[in-house]
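A.B. asks: Top line first, the protein sequences correspond to chains A, B, C and D. For reference, each letter of the first sequence is one residue, going 0 to 190 in numbering that gives the first Met the number 0. For reference, each letter of the second sequence is one residue, going 0 to 190 in numbering that gives the first Met the number 0. For reference, each letter of the third sequence is one residue, going 0 to 190 in numbering that gives the first Met the number 0. For reference, each letter of the fourth sequence is one residue, going 0 to 190 in numbering that gives the first Met the number 0.
I should point out that these hints are in silico values taken from the structure, not numbers from a laboratory. Treat the hints with caution; some may be incorrect.
Remember, identical chains collapse to one label, so a pair may be satisfied in a single copy or spanning two.
Unchecked claim - Pairs of lysine-lysine, DSBU-like flavour, derived with a Cα cap of 35 angstroms:
no.: 1; residue 1: Lys-131; residue 2: Lys-25
no.: 2; residue 1: Lys-25; residue 2: Lys-137
no.: 3; residue 1: Lys-146; residue 2: Lys-131
no.: 4; residue 1: Lys-25; residue 2: Lys-146
no.: 5; residue 1: Lys-137; residue 2: Lys-2
no.: 6; residue 1: Lys-25; residue 2: Lys-2
no.: 7; residue 1: Lys-144; residue 2: Lys-2
Number of protein chains: 4
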Amino acid sequence: MEKGRLEAFSDGVFAILITITVLELKAPHGVNLAALASVLPLFLNYVLSYVYLGIYWNNHHHFFQLVPRVTGSILWANLHLLFWLSLIPFATAWVGAHHTAPIPTALYGVALLLPALAWYALQAAIIRSQGKTSALAKALGRDIKGKLSPLLYLGGIGLAFIDTALSDALYAIVALLWLIPDRRIEAAISA
Amino acid sequence: MEKGRLEAFSDGVFAILITITVLELKAPHGVNLAALASVLPLFLNYVLSYVYLGIYWNNHHHFFQLVPRVTGSILWANLHLLFWLSLIPFATAWVGAHHTAPIPTALYGVALLLPALAWYALQAAIIRSQGKTSALAKALGRDIKGKLSPLLYLGGIGLAFIDTALSDALYAIVALLWLIPDRRIEAAISA
Amino acid sequence: MEKGRLEAFSDGVFAILITITVLELKAPHGVNLAALASVLPLFLNYVLSYVYLGIYWNNHHHFFQLVPRVTGSILWANLHLLFWLSLIPFATAWVGAHHTAPIPTALYGVALLLPALAWYALQAAIIRSQGKTSALAKALGRDIKGKLSPLLYLGGIGLAFIDTALSDALYAIVALLWLIPDRRIEAAISA
Amino acid sequence: MEKGRLEAFSDGVFAILITITVLELKAPHGVNLAALASVLPLFLNYVLSYVYLGIYWNNHHHFFQLVPRVTGSILWANLHLLFWLSLIPFATAWVGAHHTAPIPTALYGVALLLPALAWYALQAAIIRSQGKTSALAKALGRDIKGKLSPLLYLGGIGLAFIDTALSDALYAIVALLWLIPDRRIEAAISA
């Protein structure tokens with residue numbers, strides 16, 4: 000089957016998710032800087048969630064350039080990924096309102112962990128349909144970053160019960176890891 | 000007429016509907032597990048509605064691969080389908096807030112029944128424009144699953160007044176029926 | 000310039016507008032039929048607004064099949080149309096909450112009148128760029144329906160101060176007028 | 000890499016942002032003209048924000064017609080632009096509720112300034128990938144309007160602490176500057 004609609008539908012969902020969280024940024028009641036500062040914690044969480052959703056969209060965009068055809072399994076693996084991503088705005092709103100509370104901070108880590116696992120499952124479904132010698136499988140290689148990230152999220156979830164600032168730092172570090180340009184896929188597209 | 004915009008517009012509506020319900024998952028006021036557990040019933044209903052909308056999107060995606068041209072009737076039959084699908088978030092929010100109440104549970108069944116009938120009307124509009132010997136008509140065959148589902152939804156609506164758990168189980172079973180890969184269309188696309 | 004993005008962007012806006020109003024349908028607090036009935040007036044207005052937005056999308060879809068190239072003026076005429084359409088959910092929410100009040104009912108008529116005028120301006124911008132002998136200009140002919148509709152909306156606005164039911168009836172009649180299949184454009188596309 | 004998904008995803012985000020603000024226009028509680036007038040300040044700010052987002056979409060549409068291929072840097076520069084645009088609805092809601100307060104009015108200027116800088120960065124990323132002799136670089140020329148706008152926004156931010164009406168006037172003037180048809184890009188597309 001053609002991949003066009005999978006991409007178009009996913010782009011729609013990504014566009015909505017990346018903008019939904021900003022809906023939680025309610026206009027403050029007061030009109031001074033203190034009123035504006037009251038939305039700062041949620042704003043910072045919005046930035047982090049935006050970056051995460053941007054990374055997923057970016058990787059999705061890169062990946063599917065190497066996927067000429069899709070199967071029923073790929074469609075569902077993609078819907079499964081989008082499902083977990085759809086919970087990021089909820090987790091962001093909760094931790095944004097209680098940014099030093101351990102359980103919301105841990106849940107935010109869970110909300111990052113589950114799409115990471117779903118991404119792994121989507122990769123597996125694509126490689127299963129293309130074979131282990133496909134351009135995508137070769138471009139991924141050992142995929143160390145993909146395997147390390149879930150462990151780091153688990154670390155962040157655990158640290159939330161010691162100091163939520165440590166969790167926040169770890170979540171931000173994983174985002175930075177993914178922001179460093181990764182030329183594997185672009186090289187494979189050129190080749 | 001070209002089918003591209005029908006698909007793009009439908010993808011947009013599907014993307015919005017599949018993510019709207021998650022907007023109802025409000026961040027809990029407390030910060031403990033009990034607070035998080037309070038959103039669990041709505042979360043479970045969100046999962047079920049997500050799966051249903053995913054099934055419709057998936058079937059829509061499969062179907063329109065066998066529809067090279069669209070007519071005015073198909074455009075309206077599609078808008079009619081999207082209308083009833085647009086009420087699923089409303090029904091989900093109501094039953095999610097009152098998951099053991101018979102009328103919200105029955106209404107959720109109605110909200111599943113009406114798109115099923117609208118889907119049937121869309122199929123009929125497409126087959127009318129293509130003829131009974133088209134690839135799509137042949138791929139559908141006797142369409143037992145399509146004919147059985149409305150009866151099962153009616154059963155769920157009735158059971159809501161006896162025990163809402165039975166309705167919920169039946170709604171979940173119909174979703175599972177549709178999740179089982181159905182190769183009719185994919186086989187027709189390959190052929 | 001290519002028309003693809005004008006269509007894609009418009010489809011996105013249409014998809015959002017057609018589903019935004021349903022967000023106003025809040026889950027009732029009670030769990031009986033009376034609670035459900037309390038959302039009925041807003042539901043009926045939602046149906047009417049959905050049909051109107053569906054008609055605009057449908058006409059937009061037909062029209063742009065006869066527009067191979069777009070100009071800067073067409074882009075802005077289209078944004079202008081989408082602006083007025085974006086106020087339909089607001090007007091729907093107000094009249095849905097006060098369906099026998101004259102001013103909300105009149106405003107709903109204004110919210111139908113302004114996109115009708117914007118549509119007319121969009122038609123004019125397209126015909127100006129294509130010339131009066133283009134397929135689209137010929138397909139439109141004297142465009143009696145397009146010229147009559149604004150007068151009927153004006154009638155509905157006036158009647159709101161006598162009896163809002165008369166306005167509602169007139170708004171519904173105009174929608175029906177546009178639902179009657181209009182083969183001018185489809186014939187021109189085939190030709 | 001292909002630019003199709005960058006455009007489709009951006010169109011989705013633009014479509015959402017341009018319609019999100021209208022969600023803040025809540026149906027008034029009363030049913031008279033005074034009740035309707037109470038939403039007027041927010042409505043006027045909605046008009047201005049709509050025009051600004053329309054200008055960005057329009058320029059984005061023009062620009063990317065001269066961008067045949069995208070790089071990882073362009074994808075992120077585009078996400079960066081969309082991020083700052085996503086804060087316009089928030090700033091609109093705040094200033095709409097307090098239209099004579101200096102800090103909300105200044106913040107609205109900041110919300111216009113930051114996307115302007117992000118746009119500049121996006122231009123730079125595109126020109127870096129295409130070379131200074133590309134059609135786009137030539138079409139931009141000295142880009143006086145692009146360099147002047149941030150200064151005018153800064154002026155508006157400063158004036159907010161003297162008289163918010165002056166800021167509003169300046170923000171409106173910059174919008175008008177950009178509404179005047181700018182044929183540089185269209186000429187380059189034709190050429």
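A.B. asks: Could you run down the list of hints and mark each one as holding or not?
C.D. replies: Here is what the structure says about each hint:
Neither within a single protomer nor between protomers do Lys-131 and Lys-25 lie at most 35 angstroms apart by alpha-carbon distance, with minima of 48 angstroms and 43 angstroms respectively. For the identical chains of this complex, Lys-25 and Lys-137 are neighbours neither inside a copy (46 angstroms) nor across copies (42 angstroms), given an alpha-carbon limit of 35 angstroms. Taking the shortest Cα distances, Lys-146 and Lys-131 sit within 35 angstroms of each other inside one copy (18 angstroms), while across copies they are farther apart (41 angstroms). Taking identical chains as interchangeable, the C-alpha atoms of Lys-25 and Lys-146 lie at most 35 angstroms apart only when they sit on different chains, with a minimum of 32 angstroms there against 37 angstroms within one chain.
Taking the closest pair of Cα atoms, Lys-137 and Lys-2 come within 35 angstroms of each other both inside a single copy (21 angstroms) and across two copies (24 angstroms). In this assembly of identical chains, the alpha carbons of Lys-25 and Lys-2 lie at most 35 angstroms apart only when taken from different copies (34 angstroms versus 38 angstroms within one copy). For the homomeric pair Lys-144 and Lys-2, the shortest alpha-carbon distances inside one copy (26 angstroms) and between copies (26 angstroms) are both at most 35 angstroms.
Of the numbered hints stated above, those contradicted by the structure are hints 1 and 2, listed in ascending order.
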